[in-house]
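Protein chains: 6
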Amino acid sequence: MSLQLNDQTRYERGLAKLAEVDGKAGEEVVAPLGDLGRYIIEFAFGDIYNREGLSLREREIATVAMLTVLGRETQLKVHIGAALNVGLSAKEVEETIIQTVPYAGFPTAINAMNVLKEVVKERV
Amino acid sequence: MSLQLNDQTRYERGLAKLAEVDGKAGEEVVAPLGDLGRYIIEFAFGDIYNREGLSLREREIATVAMLTVLGRETQLKVHIGAALNVGLSAKEVEETIIQTVPYAGFPTAINAMNVLKEVVKERV
Amino acid sequence: MSLQLNDQTRYERGLAKLAEVDGKAGEEVVAPLGDLGRYIIEFAFGDIYNREGLSLREREIATVAMLTVLGRETQLKVHIGAALNVGLSAKEVEETIIQTVPYAGFPTAINAMNVLKEVVKERV
Amino acid sequence: MSLQLNDQTRYERGLAKLAEVDGKAGEEVVAPLGDLGRYIIEFAFGDIYNREGLSLREREIATVAMLTVLGRETQLKVHIGAALNVGLSAKEVEETIIQTVPYAGFPTAINAMNVLKEVVKERV
Amino acid sequence: MSLQLNDQTRYERGLAKLAEVDGKAGEEVVAPLGDLGRYIIEFAFGDIYNREGLSLREREIATVAMLTVLGRETQLKVHIGAALNVGLSAKEVEETIIQTVPYAGFPTAINAMNVLKEVVKERV
Amino acid sequence: MSLQLNDQTRYERGLAKLAEVDGKAGEEVVAPLGDLGRYIIEFAFGDIYNREGLSLREREIATVAMLTVLGRETQLKVHIGAALNVGLSAKEVEETIIQTVPYAGFPTAINAMNVLKEVVKERV
Numbered sequence: 001m002s003l004q005l006n007d008q009t010r011y012e013r014g015l016a017k018l019a020e021v022d023g024k025a026g027e028e029v030v031a032p033l034g035d036l037g038r039y040i041i042e043f044a045f046g047d048i049y050n051r052e053g054l055s056l057r058e059r060e061i062a063t064v065a066m067l068t069v070l071g072r073e074t075q076l077k078v079h080i081g082a083a084l085n086v087g088l089s090a091k092e093v094e095e096t097i098i099q100t101v102p103y104a105g106f107p108t109a110i111n112a113m114n115v116l117k118e119v120v121k122e123r124v
Numbered sequence: 001m002s003l004q005l006n007d008q009t010r011y012e013r014g015l016a017k018l019a020e021v022d023g024k025a026g027e028e029v030v031a032p033l034g035d036l037g038r039y040i041i042e043f044a045f046g047d048i049y050n051r052e053g054l055s056l057r058e059r060e061i062a063t064v065a066m067l068t069v070l071g072r073e074t075q076l077k078v079h080i081g082a083a084l085n086v087g088l089s090a091k092e093v094e095e096t097i098i099q100t101v102p103y104a105g106f107p108t109a110i111n112a113m114n115v116l117k118e119v120v121k122e123r124v
Numbered sequence: 001m002s003l004q005l006n007d008q009t010r011y012e013r014g015l016a017k018l019a020e021v022d023g024k025a026g027e028e029v030v031a032p033l034g035d036l037g038r039y040i041i042e043f044a045f046g047d048i049y050n051r052e053g054l055s056l057r058e059r060e061i062a063t064v065a066m067l068t069v070l071g072r073e074t075q076l077k078v079h080i081g082a083a084l085n086v087g088l089s090a091k092e093v094e095e096t097i098i099q100t101v102p103y104a105g106f107p108t109a110i111n112a113m114n115v116l117k118e119v120v121k122e123r124v
Numbered sequence: 001m002s003l004q005l006n007d008q009t010r011y012e013r014g015l016a017k018l019a020e021v022d023g024k025a026g027e028e029v030v031a032p033l034g035d036l037g038r039y040i041i042e043f044a045f046g047d048i049y050n051r052e053g054l055s056l057r058e059r060e061i062a063t064v065a066m067l068t069v070l071g072r073e074t075q076l077k078v079h080i081g082a083a084l085n086v087g088l089s090a091k092e093v094e095e096t097i098i099q100t101v102p103y104a105g106f107p108t109a110i111n112a113m114n115v116l117k118e119v120v121k122e123r124v
Numbered sequence: 001m002s003l004q005l006n007d008q009t010r011y012e013r014g015l016a017k018l019a020e021v022d023g024k025a026g027e028e029v030v031a032p033l034g035d036l037g038r039y040i041i042e043f044a045f046g047d048i049y050n051r052e053g054l055s056l057r058e059r060e061i062a063t064v065a066m067l068t069v070l071g072r073e074t075q076l077k078v079h080i081g082a083a084l085n086v087g088l089s090a091k092e093v094e095e096t097i098i099q100t101v102p103y104a105g106f107p108t109a110i111n112a113m114n115v116l117k118e119v120v121k122e123r124v
Numbered sequence: 001m002s003l004q005l006n007d008q009t010r011y012e013r014g015l016a017k018l019a020e021v022d023g024k025a026g027e028e029v030v031a032p033l034g035d036l037g038r039y040i041i042e043f044a045f046g047d048i049y050n051r052e053g054l055s056l057r058e059r060e061i062a063t064v065a066m067l068t069v070l071g072r073e074t075q076l077k078v079h080i081g082a083a084l085n086v087g088l089s090a091k092e093v094e095e096t097i098i099q100t101v102p103y104a105g106f107p108t109a110i111n112a113m114n115v116l117k118e119v120v121k122e123r124v
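Residue numbers (full-length UniProt numbering), protein chains in the order written: chain A, 1 to 124; chain B, 1 to 124; chain C, 1 to 124; chain D, 1 to 124; chain E, 1 to 124; chain F, 1 to 124.
In case anyone wonders, no lab produced these hints; they're calculated from the structure.
Everything numeric in this text was worked out from a predicted model, so none of it was measured.
Careful, some of the hints might be misleading.
Unchecked claim - Think about it this way: if two alpha-carbon atoms lie no more than 25 Å apart in a straight line, the pair counts; the simulated SDA-like pairs of lysine to any residue are:
{"no.": "1", "chain 1": "C", "residue 1": "K77", "chain 2": "F", "residue 2": "K77"}
{"no.": "2", "chain 1": "B", "residue 1": "K121", "chain 2": "A", "residue 2": "E52"}
{"no.": "3", "chain 1": "C", "residue 1": "K117", "chain 2": "B", "residue 2": "A25"}
{"no.": "4", "chain 1": "A", "residue 1": "K17", "chain 2": "A", "residue 2": "K77"}
Said to hold, decoys possible - Cβ pair distances, simulated, as ranges:
{"no.": "5", "chain 1": "A", "residue 1": "S55", "chain 2": "C", "residue 2": "G53", "range": "49 to 57 Å"}
{"no.": "6", "chain 1": "E", "residue 1": "A19", "chain 2": "F", "residue 2": "K117", "range": "34 to 42 Å"}
{"no.": "7", "chain 1": "C", "residue 1": "N50", "chain 2": "D", "residue 2": "G53", "range": "33 to 41 Å"}
{"no.": "8", "chain 1": "A", "residue 1": "S89", "chain 2": "F", "residue 2": "K117", "range": "30 to 38 Å"}
{"no.": "9", "chain 1": "D", "residue 1": "E122", "chain 2": "B", "residue 2": "E122", "range": "54 to 62 Å"}
Note that beta-carbon positions come from the ideal geometry of N, C-alpha and C, so glycine has one too.
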């Protein structure tokens, strides 16, 4: 089993990773969620996003693709922002969305593309 | 609009890309499917997989993540093979599957991990 | 509100419709399911399939398309049989499956096409 | 087979159960839906919610969990209200939403938590 | 393999079919989508909707049923309009939505029925 | 923020809870899964299942309902066993499955009912 960390470390480590990945947008989503928000920080960011083996860029490609096909647009908006934060271009996010079409069809891709446009517009 | 190719080219180009990505496993899935198989070759591989903007490695990370959360295990098996073909290690595929957990939970990740083990076992 | 029927009528009417639509395959699925099976007969077949406004042919086109994109292959097998029973050709079922691709992608369509082949093979 | 009731009884019984479970919110959703609304009353509430074997409290725990993972937020709002009506505390609804995380991930749970907050705010 | 057409033909043919099926609503959705929009025209409308074997009426029955159970309401709105354009009555669209209930339950059907009402209201 | 525990405690606590809930079946699923299995123990069982606010009986009602509508049959089998372990009768599990029908339709409920029968048969 890999190295164990105590929970305080998991929380702090998660908070740092969340800030790195999602910036302010992530904190705003997580802050009002109580224990659920704490698990997002500890588990999603403290445990999973802190793993080695894939770059943050690759993790966000996977995440944008997943959230597109799952149709979770609120979180997709946060993670399209995250993808841009960790170095993907808007063109590469568009490409990731286009890659979902053969696997889940046009409707979820159309919705994701409109979310991408919204994010890009807000960042100008 | 980007460069247009005639359909014969799309088909041939798709077939070449399918062979590059999926090897024999892809052909075996597609061959008996009639017009549906033809669209997989022309559209999924001729159009989409031939696009620039993401590497094949990145496309397969997205695809393994999507097929995991969609629970499409037959196609996941083919694309875990594809991921290994285009240069991901088994460890990186495992990492991609672990990245799905915060977004879609453990059950689909467990199933995907068992598919990965099957593929790795068959390749030894 | 439209005409009300008592439950005994709903059950008998549903059983007759189930036999018309699914033949023996439907009965085999429903018989061992207790109250759940009774609701399938009363509600799905007694109430819904007995409605006017769409032909059985049109209802099965809708049903094959839905079960394809939902990935429910056991029930899809029954309803591909039903589609053939109420007058669709195997070619028209194939066409219905192909119609799902733009909306839900290739993986569920591939699985459905393989179910269609299985049904056609068993009917020869 | 269990006792059969005629449809008028099913409708009246369903209407009474709907009022018990969802209060005014349920009626407002169902009233404008024509035959679809009638089936919700007859089948969902007249048949299913009137069954014995689970308490209303337990049925709403199951329903809140299902609607969370299915991402059906409009109906989730009605059933979070229903859960509070039949005796769950807001804390227990929160707990039900947290229980979904290992099975379907954070995005649907985040959305559900925000719906819970909305319901609680409206009830103050 | 069936007749091959060059891509320019596919695009033009798709555009004509899109206009026939979705009218102005389709064009408005597709126009700002770049390459994704081009694939919708070439593949979904140029390839799939131009196939023989099912009438446009039957294709839209399948599509309304699919988009209902997938919960993709933005596209459902476009295709309920398309269904009315190719000759279904509002009553037949309602019937198609009711046909989804046994396969995917009430929540997605309720949402679809509300979309239908919206479309009907806008068309008066 | 609630009491923090170090990770060794989370793992041990999770292992104990997993044994309590799923018996041997849970361990067999988790053991070969590497880090993914560790997260199931630490997070799903150490963190979530150890929370107060709902009884284990209520957690399993929620879980059986969720896994039914998600169509995750392998995990459903484990959790139907878990439901029986923590005190639900087979009749109450059946009732939970029937409760899913209005929300997700018959196909997933039929599959779940067949899994229940399998579990009951193996336990005799």
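Cross-check of the supplied hints:
Between K77(C) and K77(F) the CA atoms are separated by roughly 23 Å; this keeps the pair inside 25 Å, and the hint holds. Under the criterion of a C-alpha separation no larger than 25 Å, the hint pairing K121(B) with E52(A) is consistent with the structure, at around 24 Å. With a C-alpha separation of about 19 Å, the suggested pairing of K117(C) with A25(B) holds against the 25 Å cut-off. Taking the CA atoms of K17(A) and K77(A), the gap is near 18 Å; set against the 25 Å cutoff, the hint holds.
Taking 49 to 57 Å as the suggested C-beta distance range, the pair S55(A) and G53(C) conforms, at roughly 55 Å. Evaluation of the 34 to 42 Å hint for A19(E) and K117(F) yields a failure: the beta carbon distance comes to about 53 Å. At about 29 Å, the CB distance of N50(C) to G53(D) disagrees with the hint of 33 to 41 Å. Look at S89(A) against K117(F): about 53 Å separates their beta carbons, and that is not inside 30 to 38 Å.
Distance hint for E122(D) and E122(B): a CB-CB separation of about 56 Å, consistent with the stated range 54 to 62 Å.
When each numbered hint is compared with the structure, violations occur for hints 6, 7 and 8.
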